[in-house]
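If you're matching them up, the sequences are chains A and B in order. Our numbering numbers the first residue of the first sequence as 2 and each following residue consecutively. Our numbering numbers the first residue of the second sequence as 2 and each following residue consecutively.
Heads up, some of the hints might be wrong.
No copy labels: a pair is met if it fits in one copy or bridges any two.
As the list claims (entries may be wrong) - List time: in silico DSS-like cross-link candidates among lysine-lysine, alpha-carbon distance up to 25 angstroms:
#1 Lys-524 to Lys-159
#2 Lys-332 to Lys-524
#3 Lys-336 to Lys-524
#4 Lys-159 to Lys-433
#5 Lys-226 to Lys-28
#6 Lys-142 to Lys-332
#7 Lys-87 to Lys-226
#8 Lys-336 to Lys-226
#9 Lys-336 to Lys-159
#10 Lys-87 to Lys-433
#11 Lys-114 to Lys-332
#12 Lys-73 to Lys-524
#13 Lys-524 to Lys-226
#14 Lys-226 to Lys-332
#15 Lys-159 to Lys-28
#16 Lys-73 to Lys-159
#17 Lys-73 to Lys-190
The hints are simulated quantities; they were obtained by calculation from the structure and are not laboratory data.
There are 2 protein chains.
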Amino acid sequence: MPRPRVVIVGGGFAGAFTAKYLRKYAKDSIEIELINAENYFVFQPLLPEVASGTISAPDAVTPLRYMLPGVKFRMAEVTHVDADAKRVHFLQGSRRVPQSVAYDQLVLAVGQKTNLSFAPGLAEHSVCMRNLADAHQLRNKIIRRLEHADVTEDAELKQRLLTFVVGGGGFSGVETIGEVAEMVARTLKFYPNIATAEVRHVLVQRGPRLLEELPERLGLYAQEKLAARGIDIRLNTSIASATGNDVYLDDGTSIPSCLLVTTVGNGPSTFTTGLGINLERGKIPVDANLRAIDRDDTWALGDAALIPLPSEDGEPRFAPPTAQFATREAKCVAKNIVRSLAGEAPEQFDFTPQGSLASIGNYKGVAQIFGLRLSGLIAWMLWRFLYIGMLPGFATRLRVALNWGFDYFLPRSIVQIANQTESATLYRYFAKGDTVSFPGQRVDGFYTVTEGCLESRIPVDGEAEDFVRVIGPGDHWGERSLSNNTTTLGTLTATDNTRVMVLKRRDFNNLRNTFPALDDYFKSINDKIYAPHLRQQKEPTCK
Amino acid sequence: MPRPRVVIVGGGFAGAFTAKYLRKYAKDSIEIELINAENYFVFQPLLPEVASGTISAPDAVTPLRYMLPGVKFRMAEVTHVDADAKRVHFLQGSRRVPQSVAYDQLVLAVGQKTNLSFAPGLAEHSVCMRNLADAHQLRNKIIRRLEHADVTEDAELKQRLLTFVVGGGGFSGVETIGEVAEMVARTLKFYPNIATAEVRHVLVQRGPRLLEELPERLGLYAQEKLAARGIDIRLNTSIASATGNDVYLDDGTSIPSCLLVTTVGNGPSTFTTGLGINLERGKIPVDANLRAIDRDDTWALGDAALIPLPSEDGEPRFAPPTAQFATREAKCVAKNIVRSLAGEAPEQFDFTPQGSLASIGNYKGVAQIFGLRLSGLIAWMLWRFLYIGMLPGFATRLRVALNWGFDYFLPRSIVQIANQTESATLYRYFAKGDTVSFPGQRVDGFYTVTEGCLESRIPVDGEAEDFVRVIGPGDHWGERSLSNNTTTLGTLTATDNTRVMVLKRRDFNNLRNTFPALDDYFKSINDKIYAPHLRQQKEPTCK
Chain A
2 MPRPRVVIVG GGFAGAFTAK YLRKYAKDSI EIELINAENY FVFQPLLPEV ASGTISAPDA
62 VTPLRYMLPG VKFRMAEVTH VDADAKRVHF LQGSRRVPQS VAYDQLVLAV GQKTNLSFAP
122 GLAEHSVCMR NLADAHQLRN KIIRRLEHAD VTEDAELKQR LLTFVVGGGG FSGVETIGEV
182 AEMVARTLKF YPNIATAEVR HVLVQRGPRL LEELPERLGL YAQEKLAARG IDIRLNTSIA
242 SATGNDVYLD DGTSIPSCLL VTTVGNGPST FTTGLGINLE RGKIPVDANL RAIDRDDTWA
302 LGDAALIPLP SEDGEPRFAP PTAQFATREA KCVAKNIVRS LAGEAPEQFD FTPQGSLASI
362 GNYKGVAQIF GLRLSGLIAW MLWRFLYIGM LPGFATRLRV ALNWGFDYFL PRSIVQIANQ
422 TESATLYRYF AKGDTVSFPG QRVDGFYTVT EGCLESRIPV DGEAEDFVRV IGPGDHWGER
482 SLSNNTTTLG TLTATDNTRV MVLKRRDFNN LRNTFPALDD YFKSINDKIY APHLRQQKEP
542 TCK
Chain B
2 MPRPRVVIVG GGFAGAFTAK YLRKYAKDSI EIELINAENY FVFQPLLPEV ASGTISAPDA
62 VTPLRYMLPG VKFRMAEVTH VDADAKRVHF LQGSRRVPQS VAYDQLVLAV GQKTNLSFAP
122 GLAEHSVCMR NLADAHQLRN KIIRRLEHAD VTEDAELKQR LLTFVVGGGG FSGVETIGEV
182 AEMVARTLKF YPNIATAEVR HVLVQRGPRL LEELPERLGL YAQEKLAARG IDIRLNTSIA
242 SATGNDVYLD DGTSIPSCLL VTTVGNGPST FTTGLGINLE RGKIPVDANL RAIDRDDTWA
302 LGDAALIPLP SEDGEPRFAP PTAQFATREA KCVAKNIVRS LAGEAPEQFD FTPQGSLASI
362 GNYKGVAQIF GLRLSGLIAW MLWRFLYIGM LPGFATRLRV ALNWGFDYFL PRSIVQIANQ
422 TESATLYRYF AKGDTVSFPG QRVDGFYTVT EGCLESRIPV DGEAEDFVRV IGPGDHWGER
482 SLSNNTTTLG TLTATDNTRV MVLKRRDFNN LRNTFPALDD YFKSINDKIY APHLRQQKEP
542 TCK
């Protein structure tokens, strides 16, 4: 008899720990598969330290395969769930071929996506702090600004380049500005033309104080320490809009700056909105056992789920979106899956955290733990030890601890690893006879032939002969599938050695939607190329 | 009296060491400026180890500012040299504004660019090993292939995903395949569905043996060791072409593989070809003192220069493009600049290397040093110590040495940092009243307005009124400057809050050159929009 298969979507705290606990409770009696777009687990609270170069990227992440022995791991991008057929669909491999896997129980731990639509210009001009790529991007931008400020002769531009703005005064925002300020301060000695007084850091917080997740005293301590380091803190203030040159605030003032980090603004991903579940507050509603409402075989947890907590006064309470809660929820989901497969009643979720910690940079932290309030170096060390304890294996822990120790007495690296801004237009080469695509594939871009020749054969219902189209230099394909979001109908073969230019899916759609001449052109040619009655008249255009 | 200014273009071994020696010999009597596109010096021989994760990126590079105290560093992309005006021109900052700096003496240490045009498909489908971004790209591709191979059910695809091909059997090729094979072998335990026997490594070498730079015995030792580790070595074979699925060899066979690393194929950059110097063998010819032929104030060295060596038999000999030679050439150029500024006669360049080293992965190396031939662990350790000795500062050396030590007993990281495939179509937001561009700027992309409105004002010779163009949703700008490679003529101002889509310069040009409909469109509108006689008739199209 096949073992029941539990598919977990998402590899953050919620998903990874569900897999870990399931493996612990169910041993080999359950087949566990975890699907995630990246092959590693990010310790998200450390991202600001990656951005500042305090720790290197490999120290802030753990490969999921290494963390989860006995769990089948699949690196893929989930697209949707077919709840009736009990299958999860995803795009796999570099060609993003659509595939699916069946589940008996489904765990949704998909987190949230950044949604910056609350203020114009934020999506275009701010850096977030969600994943490693964000941390690298922030790091590169800071160094680029310093490099530029050191050589420019334009005083106004220099001031703008040296002003760093962070939006959001929660954990992520406070840690980010603390780390950025420390990084800049420590690297200035390499920039002889920048004076310390020319650098400006601004923290913009909507609420009346920082770190509203923590007791007031700790929030005030963090605020005092940051202010003493020269950080300009704007409380009760929101970002109204941003351009590449200025950040506009809701009090009518603006800050000339070309580096804005936004740590607020979340919403459901298109995967979540496409689940067919009625979301509440943008999240998946679950019952007290963490089971999705109306779906017996589906569980949801973490930032993506709206999780009710027991309430004494009848006022509804929900679990906050923190790593601490996510790991506890994971334990509860794992237990409840094992129980429900054994025909037992599930447990209710309840949890009261024992403590909270935040780092504010410069070897200072704030903490509340088992009722004690701590601040300064001791809180910062606690925060570091907590992370080291989560690393798998003694040797890894030792290496990370030593590297952190070195940070005390080594100059901070200012290496700016080029953004390798991959261009949207790639080129591909096919040898004569190569099959370029089969029926049923998702087209990944808009293709134009630069040299060579291809042949497309599409079967026509009720006709013996295929619709044949010869595609030569200057001809193109893919626009129809991209615009209608369909898969390929026919087989495309290179009839000569052929070089093509590819404009990627997203870029093609952006361009077509924005630039009317292009849209007009594609509308006008649609009938000419594809209308089947034209196929007899179609003349080959290649040699 | 102002100090003479020496401008050095390029921050590799040749450029960085010229700056270092100049500073040493001339102290403060010369102003030294070094211009490089990246702000760090890469120890290029370590790139294969970065790709394999043996060392992390920060350990393979040193920030130029840290390495070169007292030298003015400028991160910029050089475009050309005006030899008459004695100025170097470059693009600076994220907006790539054209600027220039004057020199008294110019040092060209610009290296070479990869040129893969010798075989079709190589430019499209192979990874190089030139800089940190290449090493990261290779690393990510290998891990992506392993992730995909572990979950695919297509046996043929699996074989293709698990076949790794390296082109070139010199230092770089041998080190790369050695490191890649070691990395894959050490990480397979995390991929339960991949058997060791399924992985295949192929090294393709045009010449009759490996490491032709070293004595035959060492080349044969490397070959034997690599073959013993299961690497398939194809001597006297060249790559004829490559697609995303197959590597075609000149013996008529092909290897199904979707990961090809090419370590051969070099040529001059467009900067070098644009110098106005008659290149020989694609390089800048210099005299025995490393001074460029016919240019008294210009010196060239490193891979970009064709450097004659003293010859006993009258047969012309040239310096090989190695790091060892480049650092010696740097010393000679620095001395000669100091001498020539003091009115003394320059020295001739001559150098006979004391030894050569190559790592072949798996803690093995081959070396010839002071006449001794070494191989195995001892050669590998020598190779590592050599690098550690080049690092600046005791603490950095200790950290790097310890991290290398840890590599023995720690599992290899398999973190695949997402390629953050930045889309080519970006969006920018401008607030009402913002000046978007001034006259004389280089346009960085093709802009289309998605919402809002802008006004362009271009002064017209001999007329009192400017040419005014109102640019609204669906309208665009930038195409003329991009296609003609000119700078902006007028001032562009946002007359409302405005959001625009940007297709970057290179992508726009690729698209326009490949896709005839787009080119036709731009030709047809050129007169309509820009012909000055139309300016009175132009009606505003925005609200």
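Hint-by-hint comparison with the structure:
no.: 1; hint: Lys-524 to Lys-159; verdict: neither (47 angstroms within a copy, 40 angstroms between copies)
no.: 2; hint: Lys-332 to Lys-524; verdict: neither (54 angstroms within a copy, 64 angstroms between copies)
no.: 3; hint: Lys-336 to Lys-524; verdict: neither (55 angstroms within a copy, 67 angstroms between copies)
no.: 4; hint: Lys-159 to Lys-433; verdict: between (55 angstroms within a copy, 23 angstroms between copies)
no.: 5; hint: Lys-226 to Lys-28; verdict: neither (48 angstroms within a copy, 42 angstroms between copies)
no.: 6; hint: Lys-142 to Lys-332; verdict: neither (39 angstroms within a copy, 34 angstroms between copies)
no.: 7; hint: Lys-87 to Lys-226; verdict: neither (53 angstroms within a copy, 51 angstroms between copies)
no.: 8; hint: Lys-336 to Lys-226; verdict: neither (43 angstroms within a copy, 52 angstroms between copies)
no.: 9; hint: Lys-336 to Lys-159; verdict: neither (57 angstroms within a copy, 36 angstroms between copies)
no.: 10; hint: Lys-87 to Lys-433; verdict: neither (42 angstroms within a copy, 51 angstroms between copies)
no.: 11; hint: Lys-114 to Lys-332; verdict: within (24 angstroms within a copy, 54 angstroms between copies)
no.: 12; hint: Lys-73 to Lys-524; verdict: neither (45 angstroms within a copy, 55 angstroms between copies)
no.: 13; hint: Lys-524 to Lys-226; verdict: neither (60 angstroms within a copy, 61 angstroms between copies)
no.: 14; hint: Lys-226 to Lys-332; verdict: neither (37 angstroms within a copy, 49 angstroms between copies)
no.: 15; hint: Lys-159 to Lys-28; verdict: neither (60 angstroms within a copy, 29 angstroms between copies)
no.: 16; hint: Lys-73 to Lys-159; verdict: between (51 angstroms within a copy, 17 angstroms between copies)
no.: 17; hint: Lys-73 to Lys-190; verdict: between (49 angstroms within a copy, 13 angstroms between copies)
Of the numbered hints listed earlier, those contradicted by the structure are 1, 2, 3, 5, 6, 7, 8, 9, 10, 12, 13, 14 and 15.
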